[in-house]
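Engineer: Given next are the chains, with one letter for each unit.
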Amino acid sequence: MSKKSTRSTKLKADPDAVTQQQVACATKKVFYISEKLLDAKDAKDDQRLCLEHFYHPGKARPALFVTLREHAIMEVLEYAEPRRSWLMNSEVCSNGRTYMTTPIDATLLALHHLRRHCSQRAMSLDNISVDEPDASTHRLLTKFVRADGLKCVADVKKSGDLIFYKYNSDRALAWLALKTRQVVLVLKAKQVHCGLGAKSENYVRSEKLVEENDVNEMDYMRMACDYVGRYLDADLHAELTRYLHIPSEIQALVEEKANTQKRKSQQDAAGANSKKIKLGNGKEDAASQLRKSSLLDNDDIKEESNKSPSTPVPLKERSMSAKEKALAKGAKGSKSISSFFKVK
Amino acid sequence: MSITLDFDVKQLANKRQLELHYLPAKINGDGECANVDKYFNNYTREASDYGTGVLTNALRGYPLLGKREAVPKGYKGVVLQETDPHQAQRQLRLTGTFEEFTYWNYDKVPSKGDGYQQAMTMLQVAEALAAPIGEAELEEELKRQQQAKKENL
Numbered sequence: 001m002s003k004k005s006t007r008s009t010k011l012k013a014d015p016d017a018v019t020q021q022q023v024a025c026a027t028k029k030v031f032y033i034s035e036k037l038l039d040a041k042d043a044k045d046d047q048r049l050c051l052e053h054f055y056h057p058g059k060a061r062p063a064l065f066v067t068l069r070e071h072a073i074m075e076v077l078e079y080a081e082p083r084r085s086w087l088m089n090s091e092v093c094s095n096g097r098t099y100m101t102t103p104i105d106a107t108l109l110a111l112h113h114l115r116r117h118c119s120q121r122a123m124s125l126d127n128i129s130v131d132e133p134d135a136s137t138h139r140l141l142t143k144f145v146r147a148d149g150l151k152c153v154a155d156v157k158k159s160g161d162l163i164f165y166k167y168n169s170d171r172a173l174a175w176l177a178l179k180t181r182q183v184v185l186v187l188k189a190k191q192v193h194c195g196l197g198a199k200s201e202n203y204v205r206s207e208k209l210v211e212e213n214d215v216n217e218m219d220y221m222r223m224a225c226d227y228v229g230r231y232l233d234a235d236l237h238a239e240l241t242r243y244l245h246i247p248s249e250i251q252a253l254v255e256e257k258a259n260t261q262k263r264k265s266q267q268d269a270a271g272a273n274s275k276k277i278k279l280g281n282g283k284e285d286a287a288s289q290l291r292k293s294s295l296l297d298n299d300d301i302k303e304e305s306n307k308s309p310s311t312p313v314p315l316k317e318r319s320m321s322a323k324e325k326a327l328a329k330g331a332k333g334s335k336s337i338s339s340f341f342k343v344k
Numbered sequence: 001m002s003i004t005l006d007f008d009v010k011q012l013a014n015k016r017q018l019e020l021h022y023l024p025a026k027i028n029g030d031g032e033c034a035n036v037d038k039y040f041n042n043y044t045r046e047a048s049d050y051g052t053g054v055l056t057n058a059l060r061g062y063p064l065l066g067k068r069e070a071v072p073k074g075y076k077g078v079v080l081q082e083t084d085p086h087q088a089q090r091q092l093r094l095t096g097t098f099e100e101f102t103y104w105n106y107d108k109v110p111s112k113g114d115g116y117q118q119a120m121t122m123l124q125v126a127e128a129l130a131a132p133i134g135e136a137e138l139e140e141e142l143k144r145q146q147q148a149k150k151e152n153l
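Residue numbers (UniProt numbering), protein chains in the order written: chain W, 1 to 344; chain E, 1 to 153.
With the rest of the complex left out, here is chain W (with noise of 0.2 Å):
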């Protein structure tokens, strides 16, 4: 009896403690900061980063930014995977997520606004924002994008103090086409396997696979064209895609599959000294090699040509080996290893 209660005591007082553990610390987040926002030479004042959402074009909807004050923004990003958990001195966190902040081109985020806003008139960075139900666009274009940025997408006006922008797609495209090879240069650089399908980084390639298969032009421009496109709308993305003429993965594998049929069929004509791969068309396979053998019982056989008409057994090419008759002679009357595996 009294072993019980105090079981149930126990199981009484622990729920609680563990909830009131868990308000404490199931917050706690690891942050990739970067030094630019961390600047210890200019935090005179009280300076806080702070994390904001923003719309982003490629999620279509809002997104979370870090911004320090007026003058610096750069993108949250989150690096999960299923089963990670941090171990922190002596703590055990849950979240196994790593945040990170990277430098974003706030002229990105303008984009949206400006296509959708500024495709037909100019207008000033104040009254886009204005039929926006949500002050945080407000903040982005007049605080955080650039009029040097801007300038490369729209046509600039000015009229006395007022600046007026209207979107312009030619330039925009050939901004973003700029973009683009930036990033196949660092996925060049940093040799990121860009081609189709996935490949094992623990196995060494040899020289000349990576010679022939991974310097393919265009699937880095997709990647990174696809990368750019992350932070676009669908539609213009689609509009990039054609700008930089790259054609669909669909229609890339198709290619392919041609040049390597090509490839094959030029082999064929060249390489009449290539090894060619021995195949069962002087002997038997080895099933027939099998029965041949007679180790196998003959209803066997005729049950196996029942099952596969189509292929009948070449009773005709049996031709018995000296080791085959005395195999046969020794194997009389007794009984063939398959009859014990029948299903009866």
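Among the hints, erroneous ones may be present.
[Stated by the list, open to error] Label pairs and their computed distance ranges (CB to CB):
id, chain 1, residue 1, chain 2, residue 2, range
1, E, Gly51, W, Ala80, 25 to 35 Å
2, W, Asp134, E, Ser111, 35 to 45 Å
3, E, Thr44, W, Ala80, 17 to 27 Å
4, W, Asp170, E, Pro72, 34 to 44 Å
5, E, Arg60, W, Gln47, 37 to 47 Å
6, E, Ala136, W, Gln47, 53 to 63 Å
7, E, Arg68, W, Asp134, 40 to 50 Å
8, E, Arg60, W, Thr142, 47 to 57 Å
[Unchecked claim] Pulled from the structure, derived: some chain W residues nowhere near chain E, Cβ distances all over 12 Å:
id, residue
9, Lys59
10, Ser248
11, Leu253
12, Glu256
13, Ala322
14, Ile337
Calculated from the structure, these hints are not laboratory results.
The model shown is predicted, which means the values in this text are computed figures rather than measured ones.
For each residue, glycine too, the CB sits at the ideal point set by N, CA and C.
Based on the hints, put chain E in the right spot on chain W.
Structural biologist: Chain E alone, transformed into the frame defined by chain W:
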């Protein structure tokens, strides 16, 4: 609707360094746990069979292979903690900083193939995307584009 990261930049320098382990396991629970030094760090061994700098340990009998990883260059590793998520003005407080941590893998040697390593290359890609583009370059590209159009016509 903003969350303040409530710490001073100057604080970062003299904040205590945390010893971090990135474990390949989902743990249901947070907070203070058993003596990590005694039951975990104590068993960390160098395993030169797998390569230089590879460490071994075990978590609940499951073998782990690990490596010391530095926080990517140009970044500062910090641990933040939210005090009260129900407040209107949300705040994240600084718990500690770190420059290195131990990355643990279950069953495979940490390599470039790990998701974490690949995510780190994305930092550089993001930088490339954010790099500004000069006026001259843009004009050149526009000219090229117009020429290509003319040729097609």
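Engineer: Each hint: holds or not?
Structural biologist: How the hints compare with the structure:
1. E:Gly51 - W:Ala80: 25 to 35 Å: holds (27 Å)
2. W:Asp134 - E:Ser111: 35 to 45 Å: holds (44 Å)
3. E:Thr44 - W:Ala80: 17 to 27 Å: holds (26 Å)
4. W:Asp170 - E:Pro72: 34 to 44 Å: holds (37 Å)
5. E:Arg60 - W:Gln47: 37 to 47 Å: Holds: the Cβ-Cβ distance is about 44 Å, inside 37 to 47 Å.
6. E:Ala136 - W:Gln47: 53 to 63 Å: Cβ of Ala136 of chain E to Cβ of Gln47 of chain W: about 35 Å, so the range 53 to 63 Å is violated.
7. E:Arg68 - W:Asp134: 40 to 50 Å: holds (44 Å)
8. E:Arg60 - W:Thr142: 47 to 57 Å: Holds, at about 54 Å.
9. Lys59: Holds, since 15 Å exceeds 12 Å.
10. Ser248: holds (21 Å)
11. Leu253: Label holds. Min Cβ-Cβ 24 Å, cutoff 12 Å.
12. Glu256: Correct as stated: the minimum Cβ-Cβ distance to chain E is 24 Å, above 12 Å.
13. Ala322: holds (54 Å)
14. Ile337: holds (40 Å)
The structure fails to meet hint 6 from the earlier list, while all remaining hints are met.
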